[in-house]
Amino acid sequence: MDKVDKGLMKKLVNGDIADDDVTEMRRMEKKDHERFWTYLGVLQESVSWNEKILMRLNDHLYIVAKGNDRIVKCDCGHELGDYRTNWKLSCDLRVRETQEQVDEVYYPAAAAPDAAWMEIREYFCPGCVAQLAVEVVPPGYPMIFEALPDLDRFYREYMNRPLSDESPEWFQNKTVESVAKIK
Amino acid sequence: MSASQEQMKSDKKYILALDAGGTMTDTILVEDDGTFTVGKALTNKKDESSSYLESVEDAALSIGITSNDAHTNASVSIYAGTGMLNTLLTGTGKKVGLLVTRGFEDMSIMEGGLTYLGQTQSEILHNQLHSHTRPMVDPQNVHGVSERISGGSYFMDKHIAPGKVLAPLSERHVKEGVKKLIKAQVEVIGIIFINSYIASNHEHRAKEIALEILKEEGIDIPVVCSSDIAPVSKENNRLKSLLLQCFAAEHTREVILDVENSAIKDGYDARLLTLLSYGGAVNVEYPRLYETVISGPIGGMMGAQVMSQKLGLKNVCTADMGGTSFDVGLIVNNMLSIRKDPDFAGHRLALPMVAIDSVGSGAGSAVWIDEYKRLHVGPESAGAEVGICYKYDKLTVTDVNVAMGYVDPNYFLGGKITLDVEKAKKALKEAVADPLGLDIYQAGKGVLEVVNAQMREAAKAILVSKGYDTREFTMMCYGGAGPVHMWGYTQDFDLADVITFPYAAAFSAFGGACAEYLHRYHMGVVITIPNGLDNEQKTNIAFEVDAAWRSLEDKARLEMESEGVNADDLEYRYGFYGRYMGQLESFETLLDSGHAKSPEDLDKMVAAFEEMYTNIYPDGARFPDAGYAVTEVFVQAVAPKAMPKILSHTLQGETPPEAAYVESRQVSHEGQFYDFKVWQMSELEAGNIVHGPSIIRDPMTTVIIPPEKRIEIDEYLVLHYR
Amino acid sequence: MVAVMKEGASLPVEKTLEYKLQQRDELYKTTGHYWGTKSLTLKEQDPIKYERFYSRIQSAVFAAREKARFVAASPGGREMGESVWALTTAEGDTLAMSLGFISHCAAFPVSIKHMIDNQFEENPGINDGDVFGADDPLTSGAPHPGDTYTLVPISVDGEIVAWACSVNHIMEAGAPQAGSWPVFTVDTFMDGFVFPPMKTGENLRQAKWWDNLWMRRTRAGAMNVLDDRMRLAGCSMIHGSIHEIIGEFGVEYYQQACKEIIEESRRMILDNMRSTMVPGEYEGSCFRISMLKGQQQIWEHADKNELIHVHGVLSLDEDSRIVWDTEGSSRWGYHGFNGYPGGSDVALYLCMTTTFAHSCKASAGVNMNVESIYHEGSIYNPDTEFAACANIWAQSMQMMGVAGNAVHRNFFMRGYLEEAFVVDDAWEGVQGSGVLEDGTPYGFTNFEWVGGGAMGAYSFKDGTPTTWAQHTQLCNVGNSEEFEYLIPPLHHLGRKLEPGLCGHGKYRGGIGQSSVHWMKETGQRLGVTRGGSGTALSTHVSLGMNGGYPAPGVLTVTAKNTNLDEIFDAGGDTPRSAGELLEYSKNGKIKGDVTAWKYDPPEQSMGDNDLWANAAGASGGWGDPLERDIASVVEDIRIGQVPSDFAKLMYGVVAMQDEEGVVHLNEDETSAEREKMIARRRSESIPASEWWLKEREKVINKAMREEVLEMYRSSTSFKGYDTHFKSFWQLDEDFEI
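Protein chains in written order, with my numbering: chain A, 1 to 183; chain B, 184 to 905; chain C, 906 to 1642.
Everything labelled a hint here was simulated from the structure, so no lab data went into it. Glycine is no exception: its CB is placed at the ideal position from the N, C-alpha and C atoms. Don't take each hint at face value.
Claimed, not checked - Okay, the calculated beta carbon distance ranges per label pair:
1) Lys1494/C <-> Phe726/B: 41 to 51 angstroms
2) Asp717/B <-> Pro1507/C: 38 to 48 angstroms
3) Lys6/A <-> Lys1494/C: 47 to 57 angstroms
4) Gly346/B <-> Lys1494/C: 26 to 36 angstroms
5) Ser305/B <-> Asn1466/C: 47 to 57 angstroms
6) Ser305/B <-> Ile1203/C: 44 to 54 angstroms
7) Tyr1158/C <-> Asn593/B: 39 to 49 angstroms
8) Thr1345/C <-> Ala730/B: 23 to 33 angstroms
9) Ser305/B <-> Thr935/C: 31 to 41 angstroms
10) Asn593/B <-> Lys6/A: 43 to 53 angstroms
11) Glu1290/C <-> Thr23/A: 43 to 53 angstroms
12) Lys341/B <-> Lys1113/C: 19 to 29 angstroms
13) Lys1494/C <-> Ile182/A: 51 to 61 angstroms
14) Pro405/B <-> Leu1570/C: 28 to 38 angstroms
Extracted from the complex, chain A is given alone in its bound form (with noise of 0.2 angstroms):
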């Protein structure tokens, strides 16, 4: 296998692929470049918005286009600001933390993490509530940023089509103002 279409694309997004499948794409003796444009058609048509989507985050959550902004949406349409400031900000956040609350979502529970040391944040998106992330840190631990991609060089250094509104602008870290505008 050379290349990956889009009907096996759409497989492996689903997790409807036969392992045989699976198997030869990992036999690729190099991978496919455009894989990451057959990912983008996919994704696309799997959304029922038009914004268009520039990089995909989580199973839930993209990079898109809107307007002069590039910012997190949700497959459920839900939106959670600017890429560039963590967007576990917008989320509702549920937190365990007493041990009976940790317990539930360990088995066996001896084996859960101590309450009296960590906690457990889950993230949701407040529009369909999906469960975006998952941290198990102690208590006051800044959220963690996982991802701040550097869309720009991405675009025009490793995939050779620059995007139309590019400005260093757009890789620097905002979780600090936004923080700020909470407080």
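Mind docking chains B and C on chain A? Use the hints.
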């Protein structure tokens, strides 16, 4: 082989031997004057008995007799099939139920973590490619039984004795387990308990109970104990052997019986024999039929062993080049080298198997260049489609041989198939020459260098990795493509001699005909030989070993009689597996005597171990201070069986008869064109010397003799390449 | 620079190791190419000869392992992939590697540089066929003293042109705490038999004094000597083959080809990074808790608990090389979990090699494409020469998991889902020492759960059990019959999967494993501890993948004064796993003092019928558990991998399994249950902004346990992380936690 010699008096004049490979089923029909005839048919995986008959008939017809004549006059017919591999790959075996030591219920899922077996280095490095094999048993049909037996320890008599019962067998668990399995309608029940290779009492008691229950319920299914199948250490490997026996062996038995019946219908009046993975032939009554899991390639090794004895060669390296792979094996001191836990189709078995290493380059291997301009050969192969010059869509090694002129496009399989030279040349140009900026003959030269180097390195690796001196080894070249590449893969390879045969293309089938009727019997033991033992202690140990050998002999006698062998005709060979105390690996050590009754006998065993060890390892790896341990003893029992005669011919002159000369042909060899003389194999005579540049052609293969080289044909019509 | 005097003859300066090392670094710095090798001349002139050359050295190294490993005394060395052989350049850069734990190629250059910097060429001299050994983390690059190195120089006319190197993980390292990975160690002097690079033999033979040291300074002397023999046997073979190959190709060709091989793989690996990654910043972290308070009273300064923080940000530099910055990771401490840069790279390169180098010549090419930043004073670069490293693997494997997950997140973003799985593998080792009835002392390690663990989930598929081992490609958990042979009093009452033990999610991680070790005839005494990765106090990594839960850490359960004999008499319903042991103890099916340890227990004196159980090797899930397809949950119940009561809690699937093992799904209750869980999510969650304000209060009021505060103090003592922490919580510059 004395026993076999007697057998030559048999009034039947033919020996039939078949090698059913993935694509072809080859027959060798040996006449009583020792001459061979080859027959071929496409393997019919659905009905092997039909391709069996076809192939026999093909051979029979070419000497002007019917397959019925061949069968009625055959003293023996040996059949190496493909059944078990197919059963494994297609998952079409029996529905298995398992009883295991409580707490080990997930062994068959975990597989000891061996998820990379049979992969290449780059695949092994690629974690995402690691995966478990299709389990041979549904996890729901595995039930635990409380019991524990000690296997003994490194500290020997300072701690728990091997075989001591630590926890009693829970008969309740056995009963509950068997009842569940009956409900689940399993077709065979396997039993494996930890350390049963040391003491089988718990497994056997569990079997009794199971049989009682089955009897009450009026159900007739086999119950198999791991200690009867593979009584050696390492539960994960033993489990695989047990599962293979339960899952696939019975099916294979049916296939062989099927072939046997059609042979008998066709006039054959003896037992059909098949080949064991560790060499030797058995009939279908053999209890551990899973040991025939690999049999085809073993045939070649058998043949090599017989030829090496005939030619008085102690050390031989076999090179079997077929369409898809290049298999290398060793014969050291006239003995086949045996691997104790071989990997097969993603499973690691506890099964002695003739050691054969494979590289994925054969005549049908695809040739390609990657974007880094690296030349690759294989693993993809054209198989029966040969190459672009025939029916395949990619350039193959055969295409290159055709393009260069080595292989005659008009005499492939004796002219049955015509190959397209121009297509081959075109493909070579586009696929290799242009990308590398070479002309096609340089490119072809390059391809052959890579293929030949791959094979040469594989052969060297198996020799060197065992610490042998290549100069003490003769290389036997066979397989359809063997003689075509012999010149290449033996280049700059310091060997004692290089030989091939007129019937190289069907050598594996020939080997099947040469197989001994042989069984191997192993027994795990826990014996230590610390330094500074006194004579009494030594004597006691010696007697312990001796007793083990005797009990294995008894087992052999019983079992082989039940297969219809006369126990008085049996011949035995002896050995043990030894190690320095503390080592985990035990090394096969062969002995010339099977009797140990004195301190001297024990010293001889130790000496034999040290000799074997220093053959393999540099002095810096010895550690006698640690003392020694014996972990296994074994006996090989050999029964008489009809053997082909290797005829001796009176030597004729060095110059080949004129009738042998066919034509001469331009061949691009090593970057320059030569006029190669072409000779007909069947017309050449013992004593002839064929000087290069020459080609000896035969319907089944082609022998290449480059300039400055020659082939000398000896009295047995063996071709020596010098 | 003075020329080295050898056997009376002087060696031209440019042939000395000191000069070569300088040149290599200089030329790489100035040109960006290995040894300034801009064009692969030999390869271009005669690609076929070049490939033939490589296949020669490659098969020489392969053959060495396939032969030498059988000399071993430790299952790890022989077949569990806990060993490797390699051929390196004169400066220690790897050219070819056998199978095994290949990332140790990061350590070879450290040892060799140490020897060069300390003028070993003059004294004791580096001659063809000499044997050198090393295991000191500071000077040799060894992660911990359990990993022992053998190095054999290969020279032509006095010029060192190559090294045959080997390493394997030995069974007993000779520390006060017996075994392979001492936890209760304060500084290097308690790490065991620690030795910097030194000459231990000549002419491919070890000196007798060297054997004696092993016999005297470790508790498994004979076994360690055999492992030493194993390493040397392989190096001797490589030594022989390379001399042969140099004879055939000539020393000039050899040295030039070696440079091209490394430069070639450097380029290919970089290419692989460019074609699968997305430039940007990827943050991750994990925690390892060290509970030593009350257990180190003799060493008062070490008698404390510590929450070890591992923090990393992965990014790509302007050439697309991977940069791994560990700023924010804790400072080093008086515990065994520290490491020095060499050993830390050995961990980091694990995932980098298997991820980016599997398609090319596995050489030092990786090293040049991964820049690891270990800040001075941190747990990866202690500003002392005496830090203890005996159990660096306990957290460095987690660190590697964090980096690996960042890389796999990239694969996911680019659509290469087939390569993107959740990386974590909580390994476990049981270790200790004892004295048999007759007075024979011994030490041991059982590393069955180092040999393999479960693989994490993909975005389209569940993870699978005992499928891989992060530290080696040769996943293999060995055989019970072999471990029992080596460790007399320990017998497996169970060695199986631990139902439910994984990170759950839309696709669950592979199920972890459990062993129940049953003590029989413990003799005069038997002391058991664990040397393992993260404990159950925290998860293996702190960030789950896309809504899935990260894998649990390792659980240990001990049971003393049990009524096992009664249980056997009653038909033998013995506990088969750590979880089952706790369950049986709860419902009275087993009696005795049963303790669940979420942290490293101090040495436990074990007697007959005592049990030591563990649960490890679990891996993480991917995606929202409520999106898991119901049929998969039912199948998990059927094959006993997920208990039905937990399936309801986690997946909202209501199903019961009957006597025959048939699973009956209640579809109505299931959809009702799932709706209830969705509703709970809404009612039990708050907007992140609200949460931020509340959590900030906690920080300002320091409303958390002392160890957590201490962790923040440690991490914020590094400038960059201090800014990160304070700006996220909007704290004043002068705020002190």
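Hints and how they fare:
1. Lys1494/C <-> Phe726/B: 41 to 51 angstroms: holds, 47 angstroms
2. Asp717/B <-> Pro1507/C: 38 to 48 angstroms: holds, 45 angstroms
3. Lys6/A <-> Lys1494/C: 47 to 57 angstroms: Roughly 56 angstroms apart at Cβ, these two residues keep to the hinted range, so it holds.
4. Gly346/B <-> Lys1494/C: 26 to 36 angstroms: Holds, at about 30 angstroms.
5. Ser305/B <-> Asn1466/C: 47 to 57 angstroms: holds, 53 angstroms
6. Ser305/B <-> Ile1203/C: 44 to 54 angstroms: With Cβ atoms ~51 angstroms apart, the hint holds.
7. Tyr1158/C <-> Asn593/B: 39 to 49 angstroms: holds, 43 angstroms
8. Thr1345/C <-> Ala730/B: 23 to 33 angstroms: Given range 23 to 33 angstroms: holds, Cβ gap about 28 angstroms.
9. Ser305/B <-> Thr935/C: 31 to 41 angstroms: Between Ser305/B and Thr935/C, where Cβ atoms are some 33 angstroms apart, the hint holds.
10. Asn593/B <-> Lys6/A: 43 to 53 angstroms: This hint holds: roughly 47 angstroms between Cβ atoms.
11. Glu1290/C <-> Thr23/A: 43 to 53 angstroms: Since Glu1290/C and Thr23/A have Cβ atoms about 49 angstroms apart, the given range 43 to 53 angstroms holds.
12. Lys341/B <-> Lys1113/C: 19 to 29 angstroms: Given a distance of about 27 angstroms, which is inside 19 to 29 angstroms, the answer is holds.
13. Lys1494/C <-> Ile182/A: 51 to 61 angstroms: This hint holds: roughly 53 angstroms between Cβ atoms.
14. Pro405/B <-> Leu1570/C: 28 to 38 angstroms: This hint holds: roughly 36 angstroms between Cβ atoms.
Of the numbered hints stated above, none is contradicted by the structure.
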